[in-house]
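Engineer: If you're matching them up, the sequences are chains C and G in order. Just so we're aligned, residue 1 is where the first sequence starts under full-length UniProt numbering, counting upward by one. Just so we're aligned, residue 1 is where the second sequence starts under full-length UniProt numbering, counting upward by one.
Keep in mind that the hints were calculated from the coordinates and are not lab data. The reader is advised that the hints may include incorrect statements.
Intra- or inter-copy, both count: the list cannot distinguish identical chains.
Stated by the list, open to error - Straight-line distance between alpha carbons at most 20 Å, and here's what the computed EDC-like set of lysine to aspartate or glutamate pairs gives:
| # | residue 1 | residue 2 |
| --- | --- | --- |
| 1 | K150 | D128 |
| 2 | K15 | D259 |
| 3 | K295 | D232 |
| 4 | K15 | D128 |
| 5 | K15 | E168 |
Number of protein chains: 2
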Amino acid sequence: MLYQRYFEAAVSRLKDERRYRVFVHLERDVESFPLARWHRDDGSVQDVTVWCSNDYLGMGQHPEAISAMVETASRVGAGAGGTRNISGTSHAIVELERELADLHGKEAALVFTSGWISNLAAISTIADLLPNCLILSDASNHNSMIEGVKRSRAERKVFRHNDLAHLEELLIEAGDRPKLIVFESLYSMNGKIAPVKEIADLAERYGAMTYVDEVHAVGMYGPRGAGICERDGVMDRIDVIEGTLAKGFGATGGYVAGDALVIDAIRSYAGAFIFSTALPPPVAAAACASVRLLKRRSDLRAAHQRATHITKHALAAGGLPVLENGSHIVPVMVRDAELCKAASDLLLTRHHIYIQPINYPSVAKGSERLRVTPTPRHTQEHIAHLVEAMVGVWHTLGIPFVEPPSHLHVDEKSKEHCAYPEIKLAAQ
Amino acid sequence: MLYQRYFEAAVSRLKDERRYRVFVHLERDVESFPLARWHRDDGSVQDVTVWCSNDYLGMGQHPEAISAMVETASRVGAGAGGTRNISGTSHAIVELERELADLHGKEAALVFTSGWISNLAAISTIADLLPNCLILSDASNHNSMIEGVKRSRAERKVFRHNDLAHLEELLIEAGDRPKLIVFESLYSMNGKIAPVKEIADLAERYGAMTYVDEVHAVGMYGPRGAGICERDGVMDRIDVIEGTLAKGFGATGGYVAGDALVIDAIRSYAGAFIFSTALPPPVAAAACASVRLLKRRSDLRAAHQRATHITKHALAAGGLPVLENGSHIVPVMVRDAELCKAASDLLLTRHHIYIQPINYPSVAKGSERLRVTPTPRHTQEHIAHLVEAMVGVWHTLGIPFVEPPSHLHVDEKSKEHCAYPEIKLAAQ
């Protein structure tokens, strides 16, 4: 092939920097989640415990989501048949959009083929429709938001991660022009939660529109699972809420919710929406079933938080360097790309635990980590096994341990609601 | 809401230009395809015949595709659970990629969440990995290809639609630098087929890499349904073939196929791939079943071509201005945005036929059209009803008729293979 050397050089570069990624070939199983079958290269198959899934609540394996998908596929078929305009506006997608608008207390919602595309399409379209718009973007925003910001013709400024003073400074500096603040409610790689209320305050004070990415929060926070904005009582003060159907809701696709007018403008102007085949009705139906179910299932959210709490406590009690953050994401710090990859490999091959390494560019160099995501279906045995395995791997590879920080101790109140008995650590 | 006036102005602009789109709310039905239920705004429901679906072969409603989706959802769940790196490399997607690589006779394939994203991600990544690359892009390329071209940092030049002389001129002008020719094998809006062999000749002569979008051809052309490149015997002379799982294959998602090295580079560098949740296993399984089935079902391709041939002939015999193109897409020219929308509305409300209007920016102003897409499941009755309805609408609205051009007459050879008896036109 022509130009072979350029592609070779590009791939070699990643290998040299120890950030060439090898995908682990897995087969999920509704019966055994969070276990999955790992297909090795030699053709053999091994059960492994998945500890890094974004199917945070196990909704992808929930009977109601699956039966909605099965019933819809059997009745209307596997695909949408076209873009929304070309016969792709299915009954299932219309119902899903109603359900999502209701979830977020907004007039309208619009479904995309992925969360990545929601951000690309919605951010760039909104910014381009506001004359002389300035985008103010959090420094830790997800790749898809950065792509949306870059795709627009608008000027952009980046404010330091969750830094209200810096954001305010930029808002003042910007003066009267239209301003769009784009940020996440919960940052996936460090698990930190944004000061959503304070950002809404600033937006109101200085006249800016707000766009929040809630993909790591929808389904999991707030009384009906609408996310951090719902939990913090500020849903009505945020202009556009973007979410995903692929994580807490266990299916696939993304969406935005907001005033009917803004949603109509995005629907009418965003090429990525206009020119993409619609989400298949069976996928929309599965997502819709999840959203409906999670509106009333606070118990699943509580079980998720409990599993997280216990996991953090147990890992910290094992001396592992857990990054505290107040969310359901449990980053365990390695701070070295090669060790991080080696730890992931050892966990898989020796302990049959799957946690992929998080290296640059997902996180800054020197802040490499394993990102653990407990689900309500991780049992006390799973957690004990995880801690034992990680402690063993840390010893084997000589990764630094830390003393458990005191704020990670289980307090009396949360103990009361704890579904899991005290974790016994065989390795201790 | 802040900035309301800007969004109002944006939506009004579309309404003033008669290109504000209203989606038709449909419910498909595996039993009655190409019929679907139209949900009117008043809540009533009406059966309509869909004549504009991109589910060209009806594979979205095929029992093998549906049962693959149902079986996989029941066994492994509704969603992928994460990106390809975060436990999203499912067995179903690994199998699908093998099947697609085999289909196109390439070393590897990579699946994306949509065809739109495949083009955005693959074109921009390839161009950015080639130092000082010049992209040569066909003037009629799809929105997703244009977005991919624009997203890259590479310089680009546009060659006139299917114009080999112009392409050659630009290749000569470019000299020694890396060059990437991006084009479609079959253009969706006019149905024209690219001179793929001649483009491959030019690429070899002047040292350019080739990237072809086969989304409107995969499943439908070539002995095993690999598309126009297969039909024309040039599959091995094209570097990267992009396809969709959402049209001929009846599911959703997109893909690229090529040398393992190029595919690995795209996999490793394309943010839109890296940071998107993988296609759900049930969707991948449905697509995989379709691809496998269509490798051996030339009879479905033949039936599709017959339905197209008969539809074109019947419409032309009715005096309707059919744009000839040699493909399965049947554009019927209206050449006026308002009339085009009115024709579509009348077909739906009076005749219960759904064909959405194709107006600017999908086509140039003054070339507005109805884009008819026959499937193997449109019967002679459907075709007769279509022609009668369109002739009626043309009369009602005073849209110009034309004499049927002679090259649309059914020749003796194609008559032999014709599945449909002679169409009787009640309106004639």
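Engineer: Taking the hints in turn, state whether each one holds.
Structural biologist: Do the hints match the structure? See the list:
Within a single copy, K150 and D128 get their C-alpha atoms as close as 11 Å, and across copies as close as 16 Å, so both meet the 20 Å cut-off. Within a single copy, K15 and D259 get their C-alpha atoms only as close as 47 Å, which misses the 20 Å cut-off; across copies the closest is 19 Å, which meets it. Taking identical chains as interchangeable, the C-alpha atoms of K295 and D232 lie at most 20 Å apart only when both belong to the same chain, with a minimum of 16 Å there against 54 Å between chains. When the C-alpha separation of K15 and D128 is checked against a cutoff of 20 Å, the pair qualifies only between copies, where the shortest distance is 19 Å, while the shortest distance within a copy is 39 Å.
For a Cα distance limit of 20 Å, the shortest separation of K15 from E168 qualifies neither inside one copy, at 41 Å, nor across copies, at 38 Å.
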